[in-house]
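Novice: Given next are the chains, with one letter for each unit.
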Amino acid sequence: MIEIKDLHKSYQMGSNSLHVLKGIDFNVKEGELVAIMGSSGSGKSTLLNILGMLDEADSGSYFLDEVPIKGLNETKAAQYRNKFLGFVFQSFNLINYKTALENVALPLYYQRKKRKERIDKAMEYLGKVGLAEWATHLPSELSGGQKQRVAIARALAADPKVLLADEPTGALDSKTSYEVMDIIQSINDEGKTILVVTHEPDIADMCKRIVHLKDGVIVEDKEVEQVRASQYV
Amino acid sequence: MKFIFERDTWQEIYGAIRKNKIRTIITVIGVTWGVFLFVFLLGMAKGLDNSFRSQFNDFATNTMFVWGQQTSIPNEGFKRGRRMQLTLDDVETLESQVDDIEYIAPRNVTGQWGTPPGQFVKGSKSGAFKVFGDYPTIDKVSKKKIFDGGRFINEEDIKYERKVCVIGEDIYKQFYDKDEEAIGDFVRINGIYFKVIGVYKPTQSGFEGDDSIFLPFTTFQTIFNQGKNISWMVITAKPDKNIVNTEATIKTTLKRIHNVHPDDTQAFGSFNLGEEVAKVNGFLSGMRLITYIVGIATLIAGVIAIGNVLLITVKERTREIGVRRALGATPAEVRGQIMLESVLLTFLAGLLGFIFGTLLLWGINTAIGNNDDIPILNPTVDFFAVTGALLSIVLLGTIIGLIPAQKAVSIKPIEALREE
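As given, the protein sequences belong to chains A and B, one line each in that order. Mapped onto full-length UniProt numbering, the consecutive letters of the first sequence carry residue numbers 1 to 233. Mapped onto full-length UniProt numbering, the consecutive letters of the second sequence carry residue numbers 1 to 420.
With the rest of the complex left out, here is chain A:
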């Protein structure tokens, strides 16, 4: 699903150049649930941004579902993001003046789906994260965990190939974190490929594979025995 070869990325910080990614080789097969771990500054978010086409690598190759991702203009990148990727952010990033349902329906709007279809689909995914009865509520009326579940529903609504979650539990207490991870696991169980960036070991243990990043290189890449989140819920 994801094939990355010798990925490099550096940022210009004034006169200094900060080499963040120093040659990443990384493959993800369909249906995997991968945790990307690393301390702050290890380059994990940069990697996720490149995977998410929000940022572009300086060199190296990146194939997503066998489509080369290179030299995309913003329009093309936007279309690819919409088609291939679902995003879950640490700070939820819901649009605060839209209801839960409208937030979930937004990616479908950019897919030019009919209104009826958007509502139906959004409703379906809201139900999947257990928030059907909160459909008409604004984000400000939801708890942190509920917000993140809406964000997950939104990421799923467009039926992406890959779900990218950047510290999805970073702003949540552990109980809600496990609820969110439970949902992520159940989505993965249905066959969705998911990448989770986290620095919390217990969250990483709930994935099937852990990739450790340190100073811009992968130092460890191992399959793990998945800890089911449902037992904590």
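Watch out, some of these pointers could steer you wrong.
No farther apart than 25 Å at their CA atoms in a straight line, the calculated lysine-lysine pairs in the BS3-like style are these [what the hints assert, rightly or not]:
(1) B:201 <-> B:125
(2) A:70 <-> B:412
(3) B:407 <-> A:76
(4) A:76 <-> B:412
(5) B:315 <-> B:21
(6) A:98 <-> B:315
(7) A:98 <-> B:407
(8) B:412 <-> A:161
(9) B:412 <-> A:22
(10) A:76 <-> A:113
(11) B:178 <-> B:201
(12) A:83 <-> B:412
(13) B:412 <-> A:98
By construction, these hints were calculated from the structure, which means they are not laboratory data.
Starting from the known structure of chain A, fit chain B onto it as the hints suggest.
Specialist: Frame of chain A, contents of chain B only:
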């Protein structure tokens, strides 16, 4: 451009506008105020314009007056200082010789320029008033409003030297009770009985005032023993003629008839309304220009306010825009949405301002009514001016919306999402 016609686009925009109430209101106020002032200024200028025009309206603007004075150059054996007296013969000559003339009306007056006024007696009351001897033509040049039931002097009155008179509103008020019928009543002027045939109300122009008496020209001639002499004549040129040229032709003709030296500027006095009207017109168009400049400047200020507010909101909405782009909004879609928001806001605000402005004008119009003291008449705005103004603010809104829209797409989605 297809997305402009899609319901979904508008729903997105409606959502964004509705949910950002404060900025929407602030934005709208700026442009609403601008258009409101624009409409108000234009309306008031138009009202002033109408008012000035109405003063001339009842007066054919292509009109001149000519009267006799004293010569200043000796000519053909006549010494200087000879008094010029215009006569009915002059009128005839001019009428036959000068093609430019549309109407020519000789007039006689007593009670002006040192001549004794007429004695008006009704019952036991009496008073002294200016008396004019006029042809019906004068009514074509200087229109007077005649109250219901009455009429002005007609050709029959002239022909039969009828002893009839038209009196001013003020005389009516002085001599008659309220609701008392004046028409058909007999009054005495200089000891002779006249039948009142009409009561006139003066228009704002003219120097007859509302306390004059009009008699048929021929009757006046006989009673005041004028012979063929006339006080002055009023001449209206044909619509396609320049009154200034006509004035010159007429004076030249008169000088020839009366053996006056061609260079004598003193022999005949004249005055034409054309020049006066031109002056007022110049003033009015100057005022209109100022109105437009001020109005358009206000509009621009309003639209810039919109651009400013949108720019701030784009900054506020950086994150939202970042999210939208992460979810698959293309730069064109983001740009289109921001611009449409700008256009929609300016348009709605403009419409609102137009409605308020029109309401105010209507209110002013109602409040003033027919009060002649306030020089505002029927303040309206030109439909095309308003449409043009609305179109141009929509255009300006589009242009000004480009700036925040460009800013919105120039931020990389990754940076937008990082924004705290």
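Novice: The structure should be examined with respect to each hint, and the outcome stated for every one.
Specialist: Right, here's what the structure says about each hint:
Distance hint between residue 201 of chain B and residue 125 of chain B is fulfilled; the C-alpha atoms sit about 22 Å from each other, no more than 25 Å. Taking the CA atoms of residue 70 of chain A and residue 412 of chain B, the gap is about 17 Å. The hint holds against a cut of 25 Å. The suggested pairing of residue 407 of chain B with residue 76 of chain A holds, with an alpha-carbon distance near 19 Å, which does not exceed 25 Å. At roughly 14 Å between alpha-carbon atoms, residue 76 of chain A and residue 412 of chain B fall within 25 Å of each other, so this suggested pair holds.
A hinted pair counts as satisfied when its Cα atoms are at most 25 Å apart, and residue 315 of chain B with residue 21 of chain B qualifies at roughly 16 Å. For a cut-off of 25 Å, the pair hint linking residue 98 of chain A to residue 315 of chain B stands: about 19 Å separates their Cα positions. Using a Cα cut-off of 25 Å, the hinted pair residue 98 of chain A and residue 407 of chain B holds, with the two alpha carbons roughly 23 Å apart. The straight-line distance between the Cα atoms of residue 412 of chain B and residue 161 of chain A is roughly 23 Å, inside the 25 Å bound, and the hint therefore holds.
Restraint check for residue 412 of chain B and residue 22 of chain A: satisfied, since their Cα atoms lie roughly 23 Å apart, inside the 25 Å limit. Taking the CA atoms of residue 76 of chain A and residue 113 of chain A, the gap is near 18 Å; set against the 25 Å cutoff, the hint holds. For the hint pairing residue 178 of chain B with residue 201 of chain B, the CA-to-CA distance comes to about 16 Å; that is within 25 Å, so the pair holds. Restraint check for residue 83 of chain A and residue 412 of chain B: the C-alpha separation of about 19 Å stays at or below 25 Å, so the hint holds.
Our distance criterion of 25 Å between C-alpha atoms is met by residue 412 of chain B and residue 98 of chain A, whose separation comes to about 23 Å.
The structure agrees with every numbered hint stated previously.
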